[in-house]
Amino acid sequence: MSSSEWEAVIGLEVHAQLKTSSKLFSRESAQYGAEPNTQVNEVCAGMPGALPVINERAVEYAMVAGYALGCEVHLWSQFARKNYFYPDLPKGYQISQFKHPICTGGGVDYLLDGELKRCNLTRIHLEEDAGKNIHAPNGSLVDLNRAGVPLIEIVGEPELRSADEATAYLKELRNILRYLDVCDGNLEEGSFRCDANVSVRPRGQEAFGTRAELKNINSFRFIQRAIDYEIARQIDLLENGEQVVQETRLFNHDTGRTTSMRSKEEAHDYRYFPDPDLPPLVIAPEWSERVKAALPELPGQKRERYQRDLGLPAYDADVLTQARPVAEFFEAAVAAHDNPKGIANWVMNEVLREVDNPEEGLDALAFGPAQLAELVQMVDDKELTGKIAKAVFAKMVESGQAPTEIADAEGLRPIRDEGRLRALIADILANNPAQVEQFRGGKTKLMGFFIGQLMQQTRGKADPGLGRKLLMEELNSDNEDG
Amino acid sequence: MTDTRITRDEVARVARLARLALSDDELNALRDDLDAILGYVAKLSELDVSEVEPTTHAIPLEMPTRRDEVVQTLSRDEVLSNAPSAEDGMFKVPTILEGGN
Chain L
1 MSSSEWEAVI GLEVHAQLKT SSKLFSRESA QYGAEPNTQV NEVCAGMPGA
51 LPVINERAVE YAMVAGYALG CEVHLWSQFA RKNYFYPDLP KGYQISQFKH
101 PICTGGGVDY LLDGELKRCN LTRIHLEEDA GKNIHAPNGS LVDLNRAGVP
151 LIEIVGEPEL RSADEATAYL KELRNILRYL DVCDGNLEEG SFRCDANVSV
201 RPRGQEAFGT RAELKNINSF RFIQRAIDYE IARQIDLLEN GEQVVQETRL
251 FNHDTGRTTS MRSKEEAHDY RYFPDPDLPP LVIAPEWSER VKAALPELPG
301 QKRERYQRDL GLPAYDADVL TQARPVAEFF EAAVAAHDNP KGIANWVMNE
351 VLREVDNPEE GLDALAFGPA QLAELVQMVD DKELTGKIAK AVFAKMVESG
401 QAPTEIADAE GLRPIRDEGR LRALIADILA NNPAQVEQFR GGKTKLMGFF
451 IGQLMQQTRG KADPGLGRKL LMEELNSDNE DG
Chain S
483 MTDTRITRDE VARVARLARL ALSDDELNAL RDDLDAILGY VAKLSELDVS
533 EVEPTTHAIP LEMPTRRDEV VQTLSRDEVL SNAPSAEDGM FKVPTILEGG
583 N
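Going down the list, the protein sequences come from chains L and S.
Heads up: the first sequence runs through residues 1 to 482, numbered per our numbering.
Heads up: the second sequence runs through residues 483 to 583, numbered per our numbering.
Just so you know, the hints here were simulated from the structure itself, not pulled from any lab data.
The model shown is predicted, which means the values in this text are computed figures rather than measured ones.
Please note that the accuracy of each hint is not assured.
Claimed, not checked - To spell it out: a stretch of chain L is covered by chain S in this simulated footprint if at least three of its residues, at any positions, have a beta carbon under 8 Å from a beta carbon of chain S; those stretches are:
#1 17-25
#2 49-59
#3 132-145
#4 222-231
#5 274-287
Stated by the list, open to error - Selected chain L positions facing chain S (in silico; Cβ < 10 Å):
#6 31
#7 84
#8 99
#9 105
#10 269
#11 271
Stated by the list, open to error - On the chain S side, residues computed to face chain L include the following (Cβ under 7 Å):
#12 522
#13 532
#14 544
#15 545
#16 552
#17 555
#18 578
Heads up, the beta-carbon is just placed ideally off N, CA and C, and yes, glycines get one too.
Isolated chain L, as found in the complex:
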């Protein structure tokens, strides 16, 4: 069979760290990047007798994510112990949710090559993160700072069919969580992690093939490569009459390949049971209503509104909603000057060029949306030519000054003084008699030459519309006179 006769089936599990100050079940700091084991208390160290008490903000963030992703948010949910032994898990179990997660259903609508697609969700549950193992030459070292940091695990249905779909889905999901401000979505620091279940089946077959679970993928590029590699590997196996083994495979960033982790089938018997230390989580309806009412507009909704209400092309709507700070900058500028397309162009072509990482916000810019709106307004009012507007923009980037101030200070306003322009035009006509004669003889293309002369005389500042009109008048009226 050729590779086009196979179909990949991909289901993603995302672990997103919630942006709380303290851990899920204790008051220890959940901040990333501290010195090892400086953010560990009795609860995260799993000391006997230490009891967990849940962080209400983590619950709220899980609800926020659930409502935003269209899930059913359950006002009654329950925590369970997932039992396994690993050095980064001091209690010998992870507190997670199993039979009664906080959210079920929902989905992510994402764009791929301009086409709107959807991947449904199975569930979202709350759980605590494990610590970190660091491999040393003569043993392994354990840092428990991360142990107990709140996570939501977002489990997608196996509805993705290519690495491209998987990547687009993940980017949209990450963007949504960032819009909601519940997760900072940093793949490298591990605050947004993805495991991918990948299998292949002959196209048209309904039953799923045997799947492998890919771990250790910490960038979008690697997700793409890991999934592509795994699909090819499985097709290759099957075409050679071999079997895919159900196992966990690690992606190796250096080789671009996935390799089998030692099979620990037995370790996958987690013997879940309700955590006796934690009674059911019961959310008051008023709380959930408050959360629902406070949801911000999501990227997908913004994309739609920008096209429907602001008349932007789909491409612009997509670019502007990639990061919430950019969308907010754009909207603030449009609120100050009602030319969405004009402002969109400036944001996409100029503003974004000045920002290293738009997701981190546009606060580092010297100017704000009000100044950009003013600039676009000046262009629209023909106060600035497009070319000069760019020069003004460059000054704004440096100084943060208002464009009107810059234009005044630098003498960049267009020359609209008719008398001055007519005097300049008279000089130009007098100094170029040959061209004047040719023009009057019908070679009207020479208008470009005269405009060029006028711009040269005014160092580009003559109002081009007015300049053209006056040139036309002068050239024609003299003709009539002569």
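For chain L, the structure is supplied; the task is to place chain S on it using the hints.
Positioned in the frame of chain L, the structure of chain S alone reads:
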């Protein structure tokens, strides 16, 4: 109910999952104990509970919540003080093989 008896292998497997080293005598004794427990549960499952809400917790309590505030209680030295071995401010454990093969 000999046909529902838990096997020795099953007991050994559960022991392995819980990292318990059991002697043959202990295995046999535990098998009898677990059998008695399972037999009791099997008897309970004869009851018709279709009209009863599942119980997840013995005490009818709702979970108390706490505000998202940071309070630190232990220094790193205290955290590591019970560790059999520590290095560079971290717990030291036997090498973990990740990725094998």
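Each hint tested on the structure:
Figure legend: the stretch 17-25 of chain L, annotated as covered by chain S; annotation consistent (3 residues with Cβ-Cβ distances under 8 Å, at least 3 required). With 7 residues having a Cβ less than 8 Å from any Cβ of chain S, the stretch 49-59 of chain L passes the three-residue criterion, so the hint holds. Look at the stretch 132-145 of chain L against chain S: 11 of its residues bring a Cβ nearer than 8 Å to a Cβ of that chain, three or more, so the hint holds. For the stretch 222-231 of chain L, the assignment as covered by chain S is violated, since 0 residues bring a beta-carbon within under 8 Å of that chain's beta-carbons and 3 are needed.
Judged by the Cβ-Cβ criterion of 8 Å, the stretch 274-287 of chain L is covered by chain S as claimed, because 7 of its residues qualify and three suffice. Interface restraint check: residue 31 (chain L) against chain S, minimum CB-CB distance 8 Å, threshold 10 Å, status holds. Satisfaction of the interface hint for residue 84 (chain L) is found here, the shortest Cβ-Cβ separation to chain S being roughly 8 Å, below the 10 Å cut-off. Annotation: residue 99 (chain L) was flagged as interfacial toward chain S, and the flag holds, the nearest CB pair being 8 Å apart, inside 10 Å.
A cut of 10 Å between beta carbons decides the hint on residue 105 (chain L): the least distance to chain S is about 21 Å, and the hint is violated. A distance limit of 10 Å between C-beta atoms decides the matter here; for residue 269 (chain L) the minimum to chain S is near 6 Å, and the interface restraint holds. The beta carbon of residue 271 (chain L) comes within 7 Å of a beta carbon in chain S, closer than 10 Å, and the hint placing it at the interface holds. Because the closest C-beta pair between residue 522 (chain S) and chain L is about 18 Å apart, greater than 7 Å, the hint is violated.
Taking 7 Å as the C-beta contact cut-off toward chain L, the hint placing residue 532 (chain S) at the interface is violated, the least distance being around 18 Å. Nearest Cβ of chain L to the Cβ of residue 544 (chain S): about 4 Å, under the 7 Å cut. The hint holds. For the restraint placing residue 545 (chain S) at the interface with chain L, the shortest Cβ-Cβ distance is roughly 5 Å, inside the 7 Å limit, so the hint holds. Hint status for residue 552 (chain S): holds, given a least beta-carbon distance of 5 Å to chain L, under 7 Å.
The closest approach between the C-beta of residue 555 (chain S) and any C-beta of chain L is roughly 5 Å, which is under the 7 Å cut-off, so the hint is satisfied. With 7 Å as the threshold, the beta carbon of residue 578 (chain S) comes within range of chain L, its nearest partner Cβ sitting at about 4 Å, so the hint holds.
Comparing the model with each numbered hint stated earlier shows that hints 4, 9, 12 and 13 do not hold.
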